[in-house]
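Asker: Sequence:
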Amino acid sequence: PQPSYTINTLAYLKEKYPAKQFSLIIGADNLQTFHKWKNYEEILKQYELYVYPRHNYSPSPLESPVVKPDHPKVKLTSAPIMEISSTFIREAIRDKKDIRHYLPEAVYKYIVEMHFYEK
Numbered sequence: 001p002q003p004s005y006t007i008n009t010l011a012y013l014k015e016k017y018p019a020k021q022f023s024l025i026i027g028a029d030n031l032q033t034f035h036k037w038k039n040y041e042e043i044l045k046q047y048e049l050y051v052y053p054r055h056n057y058s059p060s061p062l063e064s065p066v067v068k069p070d071h072p073k074v075k076l077t078s079a080p081i082m083e084i085s086s087t088f089i090r091e092a093i094r095d096k097k098d099i100r101h102y103l104p105e106a107v108y109k110y111i112v113e114m115h116f117y118e119k
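With this note's numbering applied, the sequence shown covers 1 to 119.
Treat each hint with caution, since some may be false.
Said to hold, decoys possible - Restricting the straight-line Cα-Cα distance to at most 27 Å, the calculated cross-link-like pairs of lysine-lysine (DSSO-like) are:
{"#": "1", "residue 1": "K97", "residue 2": "K109"}
{"#": "2", "residue 1": "K119", "residue 2": "K36"}
{"#": "3", "residue 1": "K75", "residue 2": "K20"}
{"#": "4", "residue 1": "K109", "residue 2": "K73"}
For the record, the hints were derived by calculation from the structure and aren't laboratory data.
Produce the complete structure using the sequences and hints provided.
Answerer: Here you go:
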């Protein structure tokens, strides 16, 4: 149910798959407001936070009042920038657009099977 908090998802995954190690990937634009996420301190205590680059956006230590790019759990990635976001995926599914070529096949099948983001 809404709202869906990342800390709850991570706790669920950790409980369901105790032998696995999880990390969180966010866009660089989200780092600025990460301190507003529910239990962000707990996320940073337990998980690595990988920050994916965004077009025309570079995280600066001055932007986030709390979570800095040089925090020991924050890892700035050097990945190719793709003009796609989770918001784009969710909205495309809601609008009944074919997004198969944007996702691994197993992920696409799971989203369809679970009817995620349809409404």
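Asker: All hints are to be evaluated individually against the structure, with a verdict given for each.
Answerer: Here is what the structure says about each hint:
1. K97 <-> K109: Roughly 15 Å between the alpha carbons, so the hint for K97 and K109 holds.
2. K119 <-> K36: 26 Å, holds
3. K75 <-> K20: Holds, at roughly 19 Å.
4. K109 <-> K73: Not satisfied, since the Cα-Cα distance of roughly 32 Å exceeds 27 Å.
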